[in-house]
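Peer 1: If you want the building blocks of each chain, they are given just below.
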Amino acid sequence: MTPILQLLRNLVTLRWITGKNAGRNVVIAVPSLFLAAAFLVPFLIVLRISLSDMETAGSPFGGLLSYVDGIVVLKVKIANYLFIAADELYLLTYLSSLKYAAITTAICLVIGYPFAYFMARARPSIRPVLMMLVMLPFWTSFLLRVYAWKGILANHGLLNDLLIALGVVNEPLHMMNTSFSLVVGMVYAYLPFMILPLYANLVKMDMRYLEAAADLGATPLQAFWRITVPLSKSGIIAGAMLVFIPSVGEYVIPELLGGPETLMIGRVLWDEYFTNNDWAMASSVTVLVILLILVPMAIFNKYKMDQDAGKQT
Amino acid sequence: MSTGNNAHSFLQRWFGRGWLSLGYLFLYLPIIVLIVFSFNSSRQDMVWSGFSLRWYSELMSDTEIISGFGLSLKIAFMSATSSVILGTFAAFALTSYQRFRGRTVFSAMVSAPLVMPEVIIGLSLLLMLVSMQKVFGFPERGVLTIWLGHTLLGMAYAAVVVQSRLQEMSKSLAEAAMDLGCRAHQVFFLVTLPNITQALASAWLLTFTLSLDDVVLSAFLSGPGSTTMPLVIFSRARLGLDPRVNAVAALTILAVSIAVIVYAVMLARADRRRRKQLSAAYTPD
Numbered sequence: 000m001t002p003i004l005q006l007l008r009n010l011v012t013l014r015w016i017t018g019k020n021a022g023r024n025v026v027i028a029v030p031s032l033f034l035a036a037a038f039l040v041p042f043l044i045v046l047r048i049s050l051s052d053m054e055t056a057g058s059p060f061g062g063l064l065s066y067v068d069g070i071v072v073l074k075v076k077i078a079n080y081l082f083i084a085a086d087e088l089y090l091l092t093y094l095s096s097l098k099y100a101a102i103t104t105a106i107c108l109v110i111g112y113p114f115a116y117f118m119a120r121a122r123p124s125i126r127p128v129l130m131m132l133v134m135l136p137f138w139t140s141f142l143l144r145v146y147a148w149k150g151i152l153a154n155h156g157l158l159n160d161l162l163i164a165l166g167v168v169n170e171p172l173h174m175m176n177t178s179f180s181l182v183v184g185m186v187y188a189y190l191p192f193m194i195l196p197l198y199a200n201l202v203k204m205d206m207r208y209l210e211a212a213a214d215l216g217a218t219p220l221q222a223f224w225r226i227t228v229p230l231s232k233s234g235i236i237a238g239a240m241l242v243f244i245p246s247v248g249e250y251v252i253p254e255l256l257g258g259p260e261t262l263m264i265g266r267v268l269w270d271e272y273f274t275n276n277d278w279a280m281a282s283s284v285t286v287l288v289i290l291l292i293l294v295p296m297a298i299f300n301k302y303k304m305d306q307d308a309g310k311q312t
Numbered sequence: 000m001s002t003g004n005n006a007h008s009f010l011q012r013w014f015g016r017g018w019l020s021l022g023y024l025f026l027y028l029p030i031i032v033l034i035v036f037s038f039n040s041s042r043q044d045m046v047w048s049g050f051s052l053r054w055y056s057e058l059m060s061d062t063e064i065i066s067g068f069g070l071s072l073k074i075a076f077m078s079a080t081s082s083v084i085l086g087t088f089a090a091f092a093l094t095s096y097q098r099f100r101g102r103t104v105f106s107a108m109v110s111a112p113l114v115m116p117e118v119i120i121g122l123s124l125l126l127m128l129v130s131m132q133k134v135f136g137f138p139e140r141g142v143l144t145i146w147l148g149h150t151l152l153g154m155a156y157a158a159v160v161v162q163s164r165l166q167e168m169s170k171s172l173a174e175a176a177m178d179l180g181c182r183a184h185q186v187f188f189l190v191t192l193p194n195i196t197q198a199l200a201s202a203w204l205l206t207f208t209l210s211l212d213d214v215v216l217s218a219f220l221s222g223p224g225s226t227t228m229p230l231v232i233f234s235r236a237r238l239g240l241d242p243r244v245n246a247v248a249a250l251t252i253l254a255v256s257i258a259v260i261v262y263a264v265m266l267a268r269a270d271r272r273r274r275k276q277l278s279a280a281y282t283p284d
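Those sequence lines, one after another, are chains A and B.
Just so you know, we're using numbering that gives the first Met the number 0 here: the first sequence kicks off at 0 and counts up by one.
Just so you know, we're using numbering that gives the first Met the number 0 here: the second sequence kicks off at 0 and counts up by one.
Read the hints as simulated data drawn from the structure, not as lab findings.
Just so it is clear, the structure is predicted and the values come from calculations on it, not from any experiment.
All residues carry an ideal CB built from backbone N, CA and C; glycine is no exception.
Where hints are given, some of them may not hold.
To be verified - List of simulated lysine to any residue pairs, SDA-like, C-alpha gap at most 20 Å:
{"no.": "1", "chain 1": "A", "residue 1": "Lys203", "chain 2": "B", "residue 2": "Arg164"}
{"no.": "2", "chain 1": "A", "residue 1": "Lys203", "chain 2": "A", "residue 2": "Ile236"}
{"no.": "3", "chain 1": "A", "residue 1": "Lys301", "chain 2": "B", "residue 2": "Ala107"}
{"no.": "4", "chain 1": "A", "residue 1": "Lys301", "chain 2": "B", "residue 2": "Arg98"}
{"no.": "5", "chain 1": "A", "residue 1": "Lys203", "chain 2": "A", "residue 2": "Pro127"}
{"no.": "6", "chain 1": "A", "residue 1": "Lys301", "chain 2": "B", "residue 2": "Met108"}
{"no.": "7", "chain 1": "A", "residue 1": "Lys301", "chain 2": "B", "residue 2": "Phe99"}
{"no.": "8", "chain 1": "B", "residue 1": "Lys170", "chain 2": "B", "residue 2": "His184"}
{"no.": "9", "chain 1": "B", "residue 1": "Lys275", "chain 2": "A", "residue 2": "Asp277"}
{"no.": "10", "chain 1": "A", "residue 1": "Lys301", "chain 2": "B", "residue 2": "Gln166"}
{"no.": "11", "chain 1": "A", "residue 1": "Lys203", "chain 2": "B", "residue 2": "Tyr96"}
{"no.": "12", "chain 1": "A", "residue 1": "Lys203", "chain 2": "B", "residue 2": "Met108"}
{"no.": "13", "chain 1": "A", "residue 1": "Lys203", "chain 2": "B", "residue 2": "Leu113"}
{"no.": "14", "chain 1": "A", "residue 1": "Lys301", "chain 2": "B", "residue 2": "Leu113"}
{"no.": "15", "chain 1": "A", "residue 1": "Lys98", "chain 2": "A", "residue 2": "Asp277"}
{"no.": "16", "chain 1": "B", "residue 1": "Lys73", "chain 2": "B", "residue 2": "His184"}
{"no.": "17", "chain 1": "B", "residue 1": "Lys133", "chain 2": "A", "residue 2": "Leu46"}
{"no.": "18", "chain 1": "B", "residue 1": "Lys133", "chain 2": "A", "residue 2": "Asp277"}
{"no.": "19", "chain 1": "B", "residue 1": "Lys170", "chain 2": "A", "residue 2": "Ala212"}
Stated by the list, open to error - From chain A, some residues computed to sit far from chain B (all C-beta separations above 10 Å):
{"no.": "20", "residue": "Val29"}
{"no.": "21", "residue": "Ser95"}
{"no.": "22", "residue": "Lys149"}
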């Protein structure tokens, strides 16, 4: 009880903005209050709406607590969750979101690891240029870059024209609006998120370990698998999380490049709100997506904190 | 260095160069395609049929895109500024104060919007705003609500950029200032702030472009009459290819490239100047 009383007293006496630690308290309080209002409270409201009734007239959702004849009634509606659990389509969509996110992460790792590795092993004088070339696309519109793939992968698009001109195929390949175009777009958009943490990790590596391994008779490939890869584990985790978590809920890329059969949870959520106008359902889907990505997010945060702690020592 | 490994390292070097070139080709192909085909005279898919500035002139009379662009600029300016202020506060709290109540939760909340899918952030903000409107009668969805969403997202990015600069900055500078009698706020304004101006500028530019480009949050948080440029582009891109969009793309890429190159040159100059001063300060007379 004491800390709460203390907090209340501090609030009332305004000690936190007048006292000795005033600067520190303001620096912490301002972003905390903003995050509470713009991040935490909205999630609590979503949770609440996901458990409430749609039927009440005038209000978009019913109250959880009601007071009737001296009895407080807590009404929790779990029908939405039961519906999601029973409906195969939702389950399939969750699974297929996870599948596309996993495929994207794996391909990004396969392309991005050697890329980051060769960047880190390039001459120190050209490393900043290589780095800037990876960063530069970040500064140009993500939306427009994804849109450009429509023109490249279309039936009469650039890639098909090229393949026909080279005589590789006679008929244009159907690539647009398939899971292929979706994966190309996702890998394209998220590749820099894999490269950057890996590069930051690999460039810091102590090369003496590799020399020691070579002296002890390891072949370059052995040294790579048994020294470089384990040492870059934290970079791999960071990159994988930065690609995997946002791609589970990706909306823009599936909408522009995916086909009708490429199920993604972000699109279902969007439709539930904008097309079906079903708030409670949209909220329930949101809650389940958050639960789904909470585990990788916790891993990411733990990694980030380890890294922060490492930087300060 | 090593013996008899020349053939191997030669191969490795060329493999590395090849991999990097293909990777960069992949990253830049869509950008090149957009620029080249913005000068295409035909409307047909991506079939080249001659050089033309037709789409640029059509763009100039496209009021939907032009007014959307003005609105996007305004929102981007507002949200970049507020994101950098809030992000700097958060970064400062995380680097300077190792222990305070709720630090773990605070740290998680600051970085969560970086990875949280935007559909989720957008929907939860929207449902909160709608609930608020039911109870208090405000706010209407529009510029201010988009600003709120973009600030939340931008703050996370700004915090990361500023935090990494603060961690690089040696503690000894601040400690020396304290020893010389600076008060905490003097340390901040006289020592810390001048040292992180570059990071603040980078963070501002980054959050500015993020806001200028955002589709999902804007779609959830916009109201009638607040259609930003990405929303216009997105609704056209969903329907198919629109050569005017290529022209918009080419223009934004041009503007951004100029800005980034100028900024990089300025950074390099400032860095060289600082190094010169440092080496001058440390050379004994």
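Peer 1: Evaluate each hint against the coordinates.
Peer 2: Evaluated hints:
| no. | hint | verdict |
| --- | --- | --- |
| 1 | A:Lys203 x B:Arg164 | holds, 17 Å |
| 2 | A:Lys203 x A:Ile236 | holds, 16 Å |
| 3 | A:Lys301 x B:Ala107 | holds, 9 Å |
| 4 | A:Lys301 x B:Arg98 | holds, 17 Å |
| 5 | A:Lys203 x A:Pro127 | holds, 14 Å |
| 6 | A:Lys301 x B:Met108 | holds, 13 Å |
| 7 | A:Lys301 x B:Phe99 | holds, 18 Å |
| 8 | B:Lys170 x B:His184 | holds, 15 Å |
| 9 | B:Lys275 x A:Asp277 | violated, 63 Å |
| 10 | A:Lys301 x B:Gln166 | holds, 18 Å |
| 11 | A:Lys203 x B:Tyr96 | violated, 26 Å |
| 12 | A:Lys203 x B:Met108 | violated, 28 Å |
| 13 | A:Lys203 x B:Leu113 | violated, 24 Å |
| 14 | A:Lys301 x B:Leu113 | holds, 15 Å |
| 15 | A:Lys98 x A:Asp277 | violated, 26 Å |
| 16 | B:Lys73 x B:His184 | violated, 32 Å |
| 17 | B:Lys133 x A:Leu46 | holds, 18 Å |
| 18 | B:Lys133 x A:Asp277 | holds, 17 Å |
| 19 | B:Lys170 x A:Ala212 | violated, 36 Å |
| 20 | Val29 | violated, 5 Å |
| 21 | Ser95 | holds, 15 Å |
| 22 | Lys149 | violated, 6 Å |
Of the numbered hints listed earlier, those contradicted by the structure are 9, 11, 12, 13, 15, 16, 19, 20, 22.
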